[in-house]
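Chains A and B, in that order, give the protein sequences.
In terms of the numbering used here, the first sequence has 198 at position 198, counting the first letter as 1, and numbering is strictly consecutive.
In terms of the numbering used here, the second sequence has 74 at position 74, counting the first letter as 1, and numbering is strictly consecutive.
Derived from the structure by calculation, the hints contain no laboratory data.
Here the structure is a predicted model, which means the values were calculated and not measured.
You may find that some hints are simply not true.
[What the hints assert, rightly or not] Pulled from the structure, derived: some chain A residues nowhere near chain B, Cβ distances all over 10 Å: (1) M1; (2) F14; (3) G66; (4) K74; (5) N85; (6) E87; (7) G140; (8) A150; (9) S165; (10) M187; (11) F224.
[Unchecked claim] No farther apart than 30 Å at their CA atoms in a straight line, the calculated lysine-lysine pairs in the DSBU-like style are these: (12) B/K185 to A/K69; (13) A/K127 to A/K220; (14) A/K74 to A/K119; (15) A/K74 to B/K50; (16) A/K69 to A/K104; (17) A/K26 to A/K5; (18) A/K132 to A/K119; (19) A/K119 to A/K104; (20) A/K5 to A/K110; (21) A/K220 to A/K238; (22) A/K132 to B/K216; (23) B/K84 to A/K69.
Just so you know, even glycine gets a beta-carbon here, dropped at the ideal spot from N, CA and C.
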Amino acid sequence: MIEIKSVSKWYGEFQVLTDCTTTVQKSEVVVVCGPSGSGKSTLIKCVNGLEPFQSGEIIVKGTSVGDPKTNLSKLRSHVGMVFQNFELFPHMTIIDNLTIAQEKVLGRNKEEARDKGMKFLDRVGLKIQAPKHPGQLSGGQQQRVAIARALCMDPICMLFDEPTSALDPEMINEVLDVMVELAKEGMTMMCVTHEMGFARKVANRVIFMDHGLIVEDATKDDFFGTPRSDRAQQFLAKILQH
Amino acid sequence: MYEMDWSSIPGALPLLFKGLLITFEVTITAIVVGIVWGTVLAITRIGPNKILAKLAAGYVNLFRSVPLVMVILWFYLIVPQGLKAIFGDDIGDIRLTSALVAFALFEAAYYSEIIRAGIQSVPRGQVSAGLALGMTQGQTMRLILLPQAFRNMTPLLLTQAIILFQDTSLVYVIGLSDFFGTAYKVGDRDGRLVELLLFAGAIYFVISFSASLLVKRLQARFVK
Chain A
1 MIEIKSVSKW
11 YGEFQVLTDC
21 TTTVQKSEVV
31 VVCGPSGSGK
41 STLIKCVNGL
51 EPFQSGEIIV
61 KGTSVGDPKT
71 NLSKLRSHVG
81 MVFQNFELFP
91 HMTIIDNLTI
101 AQEKVLGRNK
111 EEARDKGMKF
121 LDRVGLKIQA
131 PKHPGQLSGG
141 QQQRVAIARA
151 LCMDPICMLF
161 DEPTSALDPE
171 MINEVLDVMV
181 ELAKEGMTMM
191 CVTHEMGFAR
201 KVANRVIFMD
211 HGLIVEDATK
221 DDFFGTPRSD
231 RAQQFLAKIL
241 QH
Chain B
1 MYEMDWSSIP
11 GALPLLFKGL
21 LITFEVTITA
31 IVVGIVWGTV
41 LAITRIGPNK
51 ILAKLAAGYV
61 NLFRSVPLVM
71 VILWFYLIVP
81 QGLKAIFGDD
91 IGDIRLTSAL
101 VAFALFEAAY
111 YSEIIRAGIQ
121 SVPRGQVSAG
131 LALGMTQGQT
141 MRLILLPQAF
151 RNMTPLLLTQ
161 AIILFQDTSL
171 VYVIGLSDFF
181 GTAYKVGDRD
191 GRLVELLLFA
201 GAIYFVISFS
211 ASLLVKRLQA
221 RFVK
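If we strip away everything but chain A, and leave its shape as in the complex, we get:
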């Protein structure tokens, strides 16, 4: 589904990604972790072309992301993305947040978009919030709406960029629950997260990044059982202490 081949990226002189290679199969859940500044968010943003990269290739369901001839908007319309800071549109109601791209990008009519929006709002347990504005919801609720917004586009895969990092601790679980459910339904997911509990529960593979390199790319059991690199061992020891 997602093939990342030897991707490198520079900000001026500074190299943020070095020769990153990995794949995400259909229905696979891959967790990307690593210390901050390791390039994990940058890598996931390269997958849907939000960040350009200078060398290598990324193929999403047969479409090359880096190819200048690729219609990036069309590609992105069926690759769902959830951001650290939710990024709901504050000037619209919740339901309008869910319908706008369905109407303007996919060309669905109003009723169809609304029905779909309400269906996914219901799934994340927020149907009654439909007429409110994002500012009136808690962080956890906003992030669930953001997931529903992405699902409304019938995505072939979902990218999560630290979806719980901006949340108060008591709200993290309500978001993770939605993600676990999605994973169990067979959604292809690539998640940048520090939630190792989530990784243990649903991840097929775990990728560990450091200084722009993919240091470790292993099945969940191997990663938590016997991480090969020292750096990954240190990282795990640190975050699992708490």
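We have chain A; now place chain B onto it with these hints.
This is chain B only, laid out in the frame that chain A set:
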């Protein structure tokens, strides 16, 4: 001591009202065209095309560095020549037209700076979110960025409009009878310049001050 005599005002009211309409016409045209053209300039300036961005920046800096009175005079001297070249000598009174053009183009430079700041006040992540949903750059700008930008900058746009309303009195330099010009002419004609100018000043004050109160109330509502 100078004795005030207000008696020439009531009779001149219809004339003054006509002048006020001209003032409003110039103000409103400059606001509408200024915001539309200013938006185009602002988007061009932060857009990907470096050459167009430079041109837009040049335009804005030029108009912001020249006194408004001079711009009004320039357009009074240049626009007629252009129009004559296109339509022949029979173009009638072009004072109003040239004032409208001058104000619209001049104000666009100021509005574009406000709008540019407004666009940049919207978090970058909003653009990413729009693009990630498959929207084009244009759709993201139109549906996501601009509505939020305009909401953030409404108070500034209105404040600029109030300044503009007062600045329109400068059209007296090309002899256009706006509210101020008319008041001046009536005062001159009747030898009651002081009374007429006081009266005109009071009207400008009432309109501008009520408008700024309105802005304050709007601002309070937006901050909430």
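Task: Given hint A/K110 paired with A/K5 - CA-CA distance at most 30 Å - done: 40 Å, violated
TODO: Find the nearest Cβ of chain B to the Cβ of A/A150 and say whether that gap is larger than 10 Å.
DONE: Answer for A/A150: violated, closest chain B Cβ roughly 8 Å.
Open item on the list: Using Cβ atoms and 10 Å as the threshold, tell me whether A/F14 really stays out of contact range of chain B.
Closed with: About 19 Å separates A/F14 from the closest Cβ of chain B, which puts it past 10 Å; holds.
Open item on the list: So A/M1 supposedly isn't at the interface. Is its beta-carbon more than 10 Å from every beta-carbon in chain B?
Closed with: 17 Å, holds
Task: Cβ separation check - A/F224 to all of chain B, threshold 10 Å - done: Answer for A/F224: holds, closest chain B Cβ roughly 31 Å.
Open item on the list: So if I understand the rule, the pair passes when the alpha-carbon distance is 30 Å or less; does B/K185 with A/K69 pass?
Closed with: 66 Å, violated
Open item on the list: Hinted pair, alpha-carbon criterion (30 Å max): A/K220, A/K238. Please report holds or violated.
Closed with: Roughly 18 Å separates the two Cα atoms, so the pair holds.
Task: Distance rule for A/N85, whose beta carbon must clear each one in chain B by more than 10 Å - done: A/N85 is in fact no farther than 10 Å from some Cβ atom of chain B, at 5 Å.
Open item on the list: Just to be careful, I want the Cα atoms of B/K84 and A/K69 compared with a cutoff of 30 Å; is the pair within it?
Closed with: 49 Å, violated
Open item on the list: Does A/K119 sit within 30 Å of A/K74, going by the straight-line distance between their CA atoms?
Closed with: 24 Å, holds
Task: Given pair status - A/K104, A/K119, alpha carbons within 30 Å - done: Measuring from Cα to Cα gives roughly 19 Å; hence the hint holds.
Open item on the list: Hinted pair, alpha-carbon criterion (30 Å max): A/K132, B/K216. Please report holds or violated.
Closed with: 26 Å, holds
Violation of the numbered hints given earlier is confined to hints 4, 5, 6, 8, 12, 13, 20 and 23; the remaining hints are satisfied by the structure.
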